[in-house]
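Protein chains in written order, with my numbering: chain A, 1 to 307; chain B, 1 to 392.
Source of the hints: derived by calculation from the structure; they are not laboratory data. Misleading hints may appear alongside valid ones.
[What the hints assert, rightly or not] Partial pick of chain A residues on the chain B-facing surface, computed with a CB cut under 10 Å:
1. Asn2
2. Tyr3
3. Thr53
4. Ser60
5. Lys88
6. Arg89
7. Lys90
[Said to hold, decoys possible] Chain B regions said to be covered by chain A (calculated; three or more residues, Cβ under 8 Å):
8. 86 to 100
9. 161 to 169
10. 213 to 227
All residues carry an ideal CB built from backbone N, CA and C; glycine is no exception.
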Amino acid sequence: MNYKQLVNKPQKLAPGHRSCAGCGFPPIVRTILASTDCPIVASCSTGCLEVTTTIYPFTSWRIPFIHSAFENSASTIIGVESAYNVLKRKGRIPKDKEIKFVGFGGDGGTYDIGLQSLSGALERGHDFVYVLYDNEAYMNTGIQRSSATPMGASTTTAPAGKVHQGKEEWKKDFAKICAAHNIPYVAQASLHNPIDLSMKAEKAFRTKGPAVLIVFQPCTLGWKYPNDMTVEIAKMAVDSKFWPLYEVENGKYKLNYKPSKELPITDYMKPQGRYKHLFRPENKGLLEKIQAHVNSEWEKLVKLCEG
Amino acid sequence: MSKIMPFTGAQAVANAMRQINPDVVAVFPITPQTEIMMQFAKFHADGDVDTELVRVESEHSAMSCCVGASAAGARAITATASAGLALMWEILGVASGSRLPIVMPVVNRALSSPINIHCDHSDAMGCRDHGWIQIFNENAQEAYESVFLAVKLAEHPDVLLPAMVCLDGFITSHGVQNMELFEDKEMKDFVGEYQPKKWLLNTDDPVTVGPLELQDYFFETQKQRADAMMKAKEIYLSVGRELSKITGKEYPYFEGYQLDDAEAVIIVMNSTAGNTKAVIDKMRSEGKKVGLLKPRLFRPFPYEEIAKALSGKRYAAILDRAESYGANAPLYGEIKNALYEVQEKPKLKSYIYGLGGRNIFEAEIENVFETLLSGDFDPMEVGHIGLRGESQ
């Protein structure tokens with residue numbers, strides 16, 4: 001799809017929800033839901049997306065939607081998918097009616113508390129798409145550290161202080177965890193590139209079996225940057241090689257984008273308040289360590305893509 | 001024509017599930033429930049059911065899968081015990097709060113710690129206030145029939161609440177009994193097909209399930225759930241009457257055995273009620289006026305009816321197979337509550353028994369009756385049947 005086609009698709013997530021100005025997930029959700037013409041049923045884990053779109057008696061969802069709890073978006077949507085399989089067999093759903101299933105979850109609900117539920121659903125081969133919107137912390141509860149939080153970022157449970165400089169561990173490599181399940185499709189995408197995102201969502205919906213989309217979603221409140229910079233921050237994450245755009249299709253890695261001008265990681269980090277403390281002179285070594293890590297991860301990925 | 005079959009309680013329940021042929025069944029092993037799901041998986045493998053069988057990776061996901069399936073418009077069943085039920089706890093509330101009529105046999109087993117795989121009721125009692133209908137069953141026969149009753153009751157449009165069918169771990173689940181298996185077609189017709197008004201897979205009429213409700217609506221939603229639970233009490237009887245037409249059995253709130261003229265009554269649920277009946281037969285032959293009140297429906301609890309049945313009795317002992325640490329034992333507490341407005345109330349005694357599968361013997365039950373009949377007991381003191389170092 002091109003931009004014109006994309007913007008002319010029906011809006012399945014209605015405007016008027018209560019996410020923050022500059023929030024990254026509404027365009028992600030809209031782009032993904034616009035990437036299939038089949039009816040969709042969605043589930044969502046507890047988190048910003050769910051609480052800002054379903055405040056009773058209102059709902060922003062123009063498609064059937066279910067929220068159950070924090071850690072079970074995957075096991076809830078596969079329940080819906082299982083019901084679909086059997087009701088179709090029993091004739092309660094017309095044989096020619098194709099419905100798509102998508103489970104949404106944030107990084108807390110996926111990298112951490114919902115990892116088991118997603119892993120089980122991937123292993124069993126259910127026909128569904130899982131969308132992880134990764135904003136790198138528990139944002140709905142007030143910016144707490146998750147296993148998706150990157151090294152050095154300050155959060156409310158791993159704040160930068162006199163002794164500790166924010167998170168002291170590396171971010172979990174979630175795409176590779178999903179790929180290790182030998183599922184047909186895994187992709188990393190970013191909200192600043194809706195054409196790439198939509199292409200991946202189309203592929204994910206077309207895939208028979210489980211597909212996972214991991215979408216980078218800057219968070220104006222949690223990352224502490226001006227709320228007109230969301231798209232730009234996402235683009236810088238990709239251009240600095242921090243968040244590579246790639247696919248793993250039936251085990252085959254493919255890099256979708258190589259920045260023509262690679263940005264130093266500090267360019268990406270500088271506008272974000274969560275990294276402010278790293279720019280103090282005494283933390284120079286930490287910045288160098290992060291840059292080295294980005295470089296080595298990128299090289300490993302490039303090798304995988306070269307097969 | 002019904003058939004007499006030598007079944008364990010687990011086989012009985014699995015056969016009920018086979019006859020119902022649920023749309024979606026989520027399975028996860030836990031002793032002593034596993035036998036149910038192994039038997040059902042065999043039915044599935046042999047094509048006796050065309051259920052979508054989901055072998056989830058935990059009980060938390062079993063209940064989550066049932067929530068998704070039920071909201072999608074399918075009839076969903078799972079089964080569990082003990083720690084499995086505890087792991088589901090969060091989603092039990094989601095199921096009842098979202099008004100999803102999921103049915104779940106619970107093979108009662110002790111909760112850790114220490115770990116113990118044998119029977120007591122601490123698992124089901126731990127979630128008694130979670131908006132699930134709870135039906136307790138003495139034996140395989142009752143458990144089998146209760147599964148059908150539970151499906152129809154849970155799915156009643158004025159109820160729409162999930163239901164547990166409780167049976168004693170090992171004692172009932174693994175003990176072989178001759179039981180009456182009713183005809184497949186009759187039982188299938190009895191439950192019919194689940195047809196909810198709103199369902200996720202009806203994509204032309206989108207619905208949002210599980211929204212955020214704040215101070216302005218949450219309270220009303222909870223009141224609706226409480227009202228539905230009260231309605232379930234009446235509807236339990238009418239569904240039971242319908243089931244009677246096939247089975248010829250009755251489905252009261254509680255069973256009375258030699259209760260009408262009894263001076264001393266034991267109140268106990270599930271398998272121990274059977275032992276108590278044997279003791280009553282013996283003591284009645286000696287001219288002693290002893291009787292049994294066996295609650296079957298624990299949630300919603302039939303306070304008025306039990307109060308009426310106990311009014312005028314001299315003594316009653318309530319035997320709980322679960323502790324409520326620092327409070328009245330669960331069944332004892334309910335019975336005491338029920339009697340508050342009764343003028344001629346019996347003198348009560350609370351006993352704890354059988355935790356972690358500790359056997360209870362007929363002589364011990366007889367002792368309880370003798371203690372009651374003597375009138376010489378302290379109603380404030382909790383007895384422990386079969387506890388090391390404690391005489392009754």
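So which of the earlier hints does this model not fit? 1, 2 and 9
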